[in-house]
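**Q** Respectively, the protein sequence lines represent chains A and B. For the record, in the first sequence the residue sitting at position 1 is 1 according to the working numbering, with numbers rising by one throughout. For the record, in the second sequence the residue sitting at position 5 is 5 according to the working numbering, with numbers rising by one throughout.
Just so you know, these hints were derived from the structure itself, not from any lab. Since this is a predicted model, take the numbers as computed values, not measurements. Note that the Cβ used here is the ideal one computed from N, Cα and C, for glycine as well. Mixed in with the good hints, there may be bad ones.
[Said to hold, decoys possible] Listing some non-contacts, in silico: residues in chain B with all C-beta distances to chain A over 10 Å:
| no. | residue |
| --- | --- |
| 1 | P10 |
| 2 | S14 |
| 3 | A17 |
| 4 | E42 |
| 5 | K56 |
| 6 | T71 |
| 7 | H74 |
| 8 | N93 |
| 9 | K101 |
| 10 | T103 |
| 11 | V112 |
[What the hints assert, rightly or not] Reference excerpt, derived from the structure (chain A facing chain B, CB under 7 Å, subset only):
| no. | residue |
| --- | --- |
| 12 | A31 |
| 13 | F65 |
| 14 | S73 |
| 15 | L96 |
| 16 | G98 |
| 17 | S100 |
| 18 | P108 |
Each chain is listed here by its residues.
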Amino acid sequence: GAGVSQSPSNKVTEKGKDVELRCDPISGHTALYWYRQSLGQGLEFLIYFQGNSAPDKSGLPSDRFSAERTGGSVSTLTIQRTQQEDSAVYLCASSLEGTSTDTQYFGPGTRLTVL
Amino acid sequence: GNSVTQMEGPVTLSEEAFLTINCTYTATGYPSLFWYVQYPGEGLQLLLKATKADDKGSNKGFEATYRKETTSFHLEKGSVQVSDSAVYFCSSNAGGTSYGKLTFGQGTILTVHP
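Please build the complete structure, drawing on both the sequences and the hints.
**A** Quick look at the structure:
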């Protein structure tokens, strides 16, 4: 079946612009996660959605970052007023139930470059 | 807090050599442990996992045993191939208040030469 998909695959933007990154999870997965992969910081958790519960936003680095998940499926990560330090690969993952034993399935990522 | 520490790389081996990549974790509870692999140009994919103490995860000739007494989850393979060249990430999911969050080690780059 189809895996996690993300769009765009690459995004180049100018400092100060807003960007939106999209994630389509695996159908039927109730949990959705966003991570960021950068050379300096490695793989970092950003935000986690589980069903209709309030999202866990504890990993968002600043209030310029926000995410929503509509209809329990597609998610959008928005970065406002982008900075050069936001340049990274943004990874989305989904899992069936969101438990600690669940396997998280990752998408191919969106490479964001802020000039 | 929760953390994962991997041995520093990069690791360079000849084909058919034995591989060990060390991984230790700290967690307040009893986390589930995972090894993810990222092949060149591809996304992260699960290699193996173990969800309780003394469990052994295995896949594609790789093995790792969940050792609670040493808080470790070392990755091993008896005979590596060129196709195993990739970046390997150890990770934990501590559950509890960190229910959905994977914490990753810094990654180990493995290069296998013919």
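**Q** Each hint needs a verdict: does it hold in this structure or not?
**A** Hint check:
1. Its beta-carbon lying about 14 Å from the closest one in chain A, P10/B satisfies the requirement of being farther than 10 Å from that chain.
2. Residue placement check: S14/B keeps its beta carbon more than 10 Å from all beta carbons of chain A (closest about 28 Å).
3. Listed as outside the interface, A17/B is consistent with that label: its C-beta sits roughly 26 Å from the nearest C-beta of chain A, beyond the 10 Å cut-off.
4. Listed as outside the interface, E42/B is inconsistent with that label: its C-beta sits roughly 8 Å from the nearest C-beta of chain A, within the 10 Å cut-off.
5. The Cβ of K56/B lies farther than 10 Å from every Cβ of chain A, with a closest approach of about 15 Å, so its non-interface assignment holds.
6. Interface exclusion of T71/B from chain A stands, the closest Cβ pair being 16 Å apart, more than 10 Å.
7. No beta-carbon of chain A comes within 10 Å of the beta-carbon of H74/B; the shortest separation is about 19 Å.
8. Residue placement check: N93/B does not keep its beta carbon more than 10 Å from all beta carbons of chain A (closest about 4 Å).
9. Non-interface status of K101/B relative to chain A is broken: a Cβ of that chain comes within 10 Å, the nearest being about 5 Å off.
10. At roughly 7 Å from the closest C-beta of chain A, the C-beta of T103/B falls inside 10 Å, breaking its exclusion from the interface.
11. No beta-carbon of chain A comes within 10 Å of the beta-carbon of V112/B; the shortest separation is about 23 Å.
12. For A31/A, the shortest C-beta to C-beta distance to chain B is roughly 6 Å, which falls under 7 Å, so the interface hint holds.
13. Interface hint status for F65/A: violated, as the beta-carbon distance to the closest one in chain B is roughly 16 Å, over 7 Å.
14. Because the smallest distance between the Cβ of S73/A and any Cβ of chain B comes to about 17 Å, over 7 Å, the interface hint for this residue is violated.
15. Because the closest C-beta pair between L96/A and chain B is about 12 Å apart, greater than 7 Å, the hint is violated.
16. With a cut of 7 Å, the hint placing G98/A at the interface with chain B holds, because the nearest CB-to-CB distance is about 5 Å.
17. Restraint check, S100/A versus chain B: the minimum CB separation of about 3 Å is within 7 Å; hint holds.
18. The restraint placing P108/A at the interface with chain B holds, with a minimum CB-CB distance near 4 Å, inside the 7 Å limit.
Checked against the numbered hints given earlier, this structure breaks hints 4, 8, 9, 10, 13, 14 and 15; the rest are met.
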